[in-house]
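As given, the protein sequences belong to chains C and S, one line each in that order. Final position of the first sequence in the working numbering is 330; the numbers increase by one with none missing. Final position of the second sequence in the working numbering is 209; the numbers increase by one with none missing.
Treat the hints as calculated values from the structure; they're not laboratory data. Be aware that a few hints might be false.
[Claimed, not checked] Simulated pairs of lysine to any residue, SDA-like, Cα-Cα distance not exceeding 20 Å:
#1 LYS201(C) - MET197(S)
#2 LYS44(S) - ASP250(C)
#3 LYS143(C) - ARG267(C)
#4 LYS275(C) - MET49(S)
#5 LYS138(S) - MET197(S)
#6 LYS97(C) - PRO83(C)
#7 LYS44(S) - GLU276(C)
#8 LYS170(S) - ARG106(S)
Spelled out, the chains give:
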Amino acid sequence: MAVLGIESSAHTFGVGIAMDGNILSNEKEMYRIGKGGMIPNKVAEFHIDNAAGVIDRALEEASIALREIECIGYTKGPGMGPCLQVGELTAKMLAARLRVPIVPVNHGIGHIEIARHFAGQNDPVVLYVSGGNSQILKIDARPYRHYKVLGETMDIGIGNMFDTFARGIGLDPAWGSTVEKAAQNGGYVELPYTVKGMDFSFTGLLTQALRLSGSVGREDLCFSLREISFSMLCETTERALMLTDSSELCVCGGVAQSQRLREMLGLVAKEHGASFGFAPNEFNADNGGMIAFVAERMHRGNYHVPIERCGILQRYRIEEAVVFG
Amino acid sequence: MASRLFGEGAEARLYTASVFGRSIAVKSREPKAYRVMELDLRLRAQRTRSEARLMQRALSLGVRVPRLIALGRFSIYMERLDGRLLKDARITVRHATQIGRALARLHNGNVVHGDFTPANIMEFGKELYIIDFGLAESSGRLEDKAIDVLLMKKALSKDVYPAFARAYASDSREGKAVMGRLAEMEKRGRYQVRTLT
Ligand SMILES: Nc1ncnc2c1ncn2[C@@H]1O[C@H](COP(=O)(O)OP(=O)(O)O)[C@@H](O)[C@H]1O
Ligand SMILES: [Mg+2]
Chain C
6 MAVLGIESSA HTFGVGIAMD GNILSNEKEM YRIGKGGMIP NKVAEFHIDN AAGVIDRALE
66 EASIALREIE CIGYTKGPGM GPCLQVGELT AKMLAARLRV PIVPVNHGIG HIEIARHFAG
126 QNDPVVLYVS GGNSQILKID ARPYRHYKVL GETMDIGIGN MFDTFARGIG LDPAWGSTVE
186 KAAQNGGYVE LPYTVKGMDF SFTGLLTQAL RLSGSVGRED LCFSLREISF SMLCETTERA
246 LMLTDSSELC VCGGVAQSQR LREMLGLVAK EHGASFGFAP NEFNADNGGM IAFVAERMHR
306 GNYHVPIERC GILQRYRIEE AVVFG
Chain S
13 MASRLFGEGA EARLYTASVF GRSIAVKSRE PKAYRVMELD LRLRAQRTRS EARLMQRALS
73 LGVRVPRLIA LGRFSIYMER LDGRLLKDAR ITVRHATQIG RALARLHNGN VVHGDFTPAN
133 IMEFGKELYI IDFGLAESSG RLEDKAIDVL LMKKALSKDV YPAFARAYAS DSREGKAVMG
193 RLAEMEKRGR YQVRTLT
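Working from the sequences, and respecting the hints, build out all of it.
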């Protein structure tokens, strides 16, 4: 028996199948952003068009028949309303038709838990970095088992910073990797560096980088933007590691695909004798596999929600989600 | 100058050394392997300068801090206090009152400490010294001041917190406003102050 998970909070429609803590398949379709950015209704339409096909592929890849699915998980939030609704409706339809329970999953918990799983860690300090999110977290057992935010961005997510910058200098913001590529041959120029305790801020850095884009070379700006923003993440993460006296560190979310960020965090962990881990790239980008993985744990913990009370929550805070396993 | 490591923080190491028979503490910002050299040098130098400057400002505001002896590019040489940290002591009402007064003086001069906990207050002789201006800033913002109060509040027992709050509110020029902002922040829970308890 297996659990099917659906992710649709942003540009990706993903479906994964999990069984006994293993991920049997992880299929997805990604909406191409282009220069216009993301228009929620357009992306939702894209998800509707792709839902059936991606579900079929996930089942096929896992060699599982639809009637073998014992629970459906979907992303409840946070994310864009119209997009989340597609996943929610698809999940409700499947659950009703199969007469199986349904569990709503927090998107961020999906990213974190899948990374913790692949890293083989128990109680790590987690750096969660994606388009809209940049947080440092750790499990707290009270008043219920959840991820407590130790530090976070005071303004925008780091992925959005990279994408906005790329667009601002006329590059295609293709999944954040544009800046990383352009950074390869760059050198250092001075840009604002803003941390406060375990919090950090990216707008000052972004504004100044855009302001200099007429006079300073593109490669140098990309390099410095990357080095300075990643250093801010490393410094605050290191502080969290020390203050919590942790021996495990992991990184997750779309920006965790960056080789350079991994290299830097690896050095932070090494300095403190901590282990360092992350998930394979297909699980750092948005995906359904992580939702299936978390949904299975919630299912085993009997955390089912009656279908009429399953909804979406565009601003679903990560602290609100109960963590199982 | 023989020196011995006696403490390690998130970004600095503390050494003790003896100069002309006098025992001094050296707070030295060490390189971080993860960041590029230019940024590493810039941050370490900037923060060393800023910390020393804010220690001097605190002193001029009438707050007890370790005396500055010398300033290197990445190191602060200061008087070594042979005392004990308040985090290792039983904090009395008398302590709490002194802490409140000291914080009010800092805030009256628009210095916020940034890490105002008993781990950064040292009792030496009969006096309390504020140490570690590594996260301190020059700021007049109510929110920044309220965070200092809140951090200490979380660390103090219910028995002694009122004495701290009373001393702070009566000596601070904006005591009322800061305490009001603190109450607001605690209620709001939106901009949560991240602590580890
Ligand atoms: N002037 C001093 N005299 C004696 N001990 C000191 C002095 N300054 C710092 N220390 C000791 O070193 C420790 C770390 O120093 P601190 O300035 O708080 O650095 P960090 O920024 O790493 O926390 C303190 O907790 C205290 O025990
Ligand atoms: Mg300290």
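Exercise for review: Would you mind confirming whether the straight-line C-alpha gap from LYS44(S) to GLU276(C) stays at or under 20 Å?
Suggested key: Holds - the C-alpha atoms of GLU276(C) and LYS44(S) are around 9 Å apart, at most 20 Å.
Exercise for review: Would you mind confirming whether the straight-line C-alpha gap from LYS143(C) to ARG267(C) stays at or under 20 Å?
Suggested key: holds, 19 Å
Review point. Hey, LYS201(C) versus MET197(S), does the alpha-carbon distance stay inside 20 Å?
Key: holds, 17 Å
Check your understanding: Do the alpha carbons of LYS44(S) and ASP250(C) lie within 20 Å of each other, as the hint requires?
Key -> Satisfied, since the Cα-Cα distance of roughly 19 Å is no more than 20 Å.
Review point. Are the Cα positions of LYS170(S) and ARG106(S) separated by 20 Å at most?
Key: holds, 14 Å
Point to revise | Restraint check for LYS275(C) with MET49(S), where alpha carbons must lie at most 20 Å apart | key: holds, 19 Å
**Study point:** Pair hint LYS138(S) and MET197(S), alpha-carbon separation not exceeding 20 Å
**Key:** Violated - the C-alpha atoms of MET197(S) and LYS138(S) are around 34 Å apart, more than 20 Å.
**Study point:** Hinted pair LYS97(C) and PRO83(C), Cα distance within 20 Å
**Key:** Holds. LYS97(C) to PRO83(C) sits at ~18 Å (cutoff 20 Å).
Checked against the numbered hints given earlier, this structure breaks only hint 5.
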